[in-house]
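Student: Chain by chain, the residues:
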Amino acid sequence: MNELLVYILLGAVSVVAALGLLFSRNAIYAALFLVLNFGVAAVFYLLMNAPFLAVIQISVYAGAIMVLFVFVIMLLGAEQLPAADTGVRIKASRFVIIAGVAVLVASVMYALLTQSSGEAATYASDPAAIGVMLYTQYAFPFEAVSVLLLAAMVGAVVLTTRDAK
Amino acid sequence: MAIKDLLTVTAPAICAVGGTLLLLLDLAIPRGSKSTTAWAAFAVILLALASVPAQWGVSTSGFAGMVAADGYSLFVDGLLAVIAALTVLLTLRYNEARGIMRGEFYPLMLFALSGMMLMGHATNLIIVFIAVELLSIPLYVLCGFARPRVDSEESALKYFLLGAFASGFLVYGIALIYGAAGTVSLTELTAALSGPKPADSALLYAGVALVLVGLGFKVAAAPFHMWTPDVYEGAPTTVTAFMASATKAAGFAAILRIFLFGLAPLMETWQAPIAVLALLSMIVGNVVALAQTNLKRMLAYSSIAHAGYVLTGVAAGGDAGASAVLFYLASYALTSLAAFAVMIALNSGEADENHSLDTYAGLGRRKPLLAFVLAVSMLSLLGIPPTAGFFGKYFLISAAIGSGLTWLAIALVITSVISAGFYLRVIMTMYMRDGKNEAPIAGNWPRAFAALTATVATLGIGILASPIVELINTGIKSIVR
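Same order as they appear, the protein sequences are chains A and B.
In this text, residue positions in the first sequence follow my numbering: the first is 1, and each later residue adds one.
In this text, residue positions in the second sequence follow my numbering: the first is 1001, and each later residue adds one.
Keep in mind that a hint or two might mislead.
Stated by the list, open to error - Chain A is nowhere near these chain B residues, computed Cβ spacing over 10 Å in every case:
hint	residue
1	Ile-1003
2	Ala-1156
3	Glu-1233
Claimed, not checked - If you want the footprint, here are the derived chain B segments under chain A, 3+ residues with CB under 8 Å:
hint	region
4	1064-1071
5	1255-1265
6	1291-1298
7	1404-1413
8	1440-1453
For the record, the hints were derived by calculation from the structure and aren't laboratory data.
C-beta: ideal position from N, C-alpha, C; glycine also.
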């Protein structure tokens, strides 16, 4: 029952964060909403007894990728869309983020507290087990994704390099 | 991972590895002689094509049931390799005339090709998703390859944004199916669904519907077709040719395997929605095409209509439906390649591309051979014997009637009659109107060879359909279920 309550709360936070990402006119706020959304996803992983994936989610998505996003936004100077925010809306979105983070922290605590109840760790919690799965049962998707990433990388280079005449 | 596993994905692997090697090789090829890269890509594609007859007859699955190699996937591999080889021939001089000198064009095409081939091999929804991405991402880039032309960039951005959206639908649908059935492997799904209905059947139906939306986008079926005209029009014409024929074939290869074989126990549930999609696509594509004055846009709407025809075969279901779908995909691909070859020939100069129907006036007198190729192609798209399109529609109609979808077969016939309005208009413009378009058409034997091959194949299949049908039927019999 408690778990359902936590799930509903988290779900609400993640939906609100996604909507905030869509509707905020300031690119930095949008990026922060996305961080919140990734954070909620990480807690979902925790609730499903997959702490390793949760940590990966935080460090890769909320950490590395979002830092890159924010850098790019700031370098381009594209923080603000035309038709500036009113002060009220900025304050409102601030409260949304604060409330969201509060729920997030509370549910992380909950997840950590309930998890130590001696439940058997599933395969997804153990990095070594994940590695084994990745190289045996999921070897082919793993390889195919590597080709996919190469293609995406080449594509990005093709679309951004200037032709030397 | 053993060699045995790798052999189940021979053709896609050849394309992916070939593409990677070609990226490196391309560094050593000086600018201005990028046709060397093209020929190397052509060789890789021929190698992949040669692996098909070498493997014909196998029926195994590999990589822990993730992929399968059977007659079905091998037929799709072969068809896609032929399309890609012809596209390379069409692209050779076109890119030079357009000032597209970057050699990455061909490796990206090979990556897209390997993703397309994988669609036919996938027996696991995770692989379907990865294959969709692997074919889409290089295509997004290829659409924008003619940058800084604005329409090419617009085409790439539009395709990318809507394509990413559609991928979201697909992956969400896969997640819901996993949530309901506990597996994403098609064989396990069949087994799980054959028994009593799972408790979460609403979840399952929602998942199946979302997967259908995601794949429906890729094959440009109405009402998920909004991107098609703009993307097809803005992309370089050779890329449009490749997208129209190969992406459609690949998308339907996955749809067939998922719906006709993986989700066969649910057929009562998905038959009606697919039939409705088919009807919508046929009506929207054919009716809107009537109003087009630009041949490239017209063919874009026509491709929506043809997606509708093929969906009729999917809705019919069973081995007959699958066989009709594969035959139609082959005939449609060859036919539309021929049409695009003529469009590329008419725009082989350095001037901006112009696909307005007026530029085709008088072509019958000025270039009889090109006009003949386009005329055969239009007749085949319309479904007049003795062309491949006639048999394609015949098999689709008989499959639909055979499974009790007579109303859909009638709709197919009526919309085909409507389509005569624009296909015949092209032929009339070429032969019965005097043209002012005197732009010279540079001779080009690879392009001529590709156009003639496609035309001869269209007529050849139209006269002697039975060898292809037998090939397809043996392929379907050996499918890994």
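Student: Under the constraints set out in the numbered hints, which ones does this structure not fulfil?
Tutor: 2, 5, 6, 7 and 8
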